[in-house]
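Q: Since the structure of chain A is provided, determine the placement of chain B on it from the hints.
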Amino acid sequence: MIRVQREDFDVGAEMRALTTGNTGIGGLASFVGLVRDMAGGTGDSAMTLEHYPGMTERLLTEIDEEAHRRWPLEGSMVIHRHGRLEPGEQIVMVLTASAHRQAALDSCAFLIDWLKTQAPFWKLEETPDGASWVEARASDDQAAARWAKPETSG
Amino acid sequence: MKLLYFAWLKQKIGTDAEEITLPDDVNDVAGVIAWLKTRGDKYATALKDDAVVRVAVNQTYAKPDTPVSDGDEVALFPPVTGG
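These protein sequence lines map, in sequence, to chains A and B. Reading the first sequence from the start, the letters are residues 1 to 154 in the numbering used here. Reading the second sequence from the start, the letters are residues 1 to 83 in the numbering used here.
For reference, chain A alone in the conformation it holds in the complex:
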């Protein structure tokens, strides 16, 4: 399942919603992304996340379905926020549940790595010098590349 929303989310409530009633789940992995304060602790580095409504939901659904094809998952939930966010706020959450921990941990890492390089979101940072679009990082591409299948790479 995926959700794209402006509002905050409750990780504990999402975990309970994903696992309640499924006793086949033995491992639940989570990743939560937060807005990091880039202004040296002044708290003065809010950002605005823009996205492409429609394509965002489509891409996240595709990525989620791919995780389910690759790992024996009992459930998953991806939530990504948009709009203006202050340092310390939650941006993104990935939950994956499986019978065993390895599938849960690996699929969780896959989902966040893949999402970062595929899902159409852009961060506009507020800096003392004005608003600035965050540049994509090569390290994110490398993180996603480790999940590329031989037949789909390149």
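Calculated directly from the structure, the hints in this document are not laboratory data.
What follows is a list of derived Cβ distance ranges for each label pair: (1) Pro79/B with Lys149/A: 17 to 23 angstroms; (2) Glu18/B with Thr19/A: 43 to 49 angstroms; (3) Asp16/B with Gly88/A: 26 to 32 angstroms; (4) Ala46/A with Ala44/B: 31 to 37 angstroms; (5) Glu135/A with Glu19/B: 26 to 32 angstroms.
A short list of chain B residues far from chain A (calculated; beta carbon distances all over 10 angstroms): (6) Met1; (7) Leu3; (8) Glu19; (9) Trp35; (10) Lys37; (11) Thr38; (12) Leu47; (13) Asp49; (14) Asp50; (15) Pro64; (16) Pro67.
Note that beta-carbon positions come from the ideal geometry of N, C-alpha and C, so glycine has one too.
A: Structure of chain B alone, referenced to chain A:
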């Protein structure tokens, strides 16, 4: 054709969306970008380094040789930075 622009491409071009009619000889993604560059300084500047411009046709990632036609929704945007 519906054109959409996001992030700094939207700012440089000065709009987030426009309806255009493609010239008859433009039929793929590379052709659309080449044609847009001829539409004025804002477009030429925004699309100067087209290696960093990502394109989606009907909300699916496209390549330079992906075909396009008048009913399509074509989006241009920089590399994504979510998560």
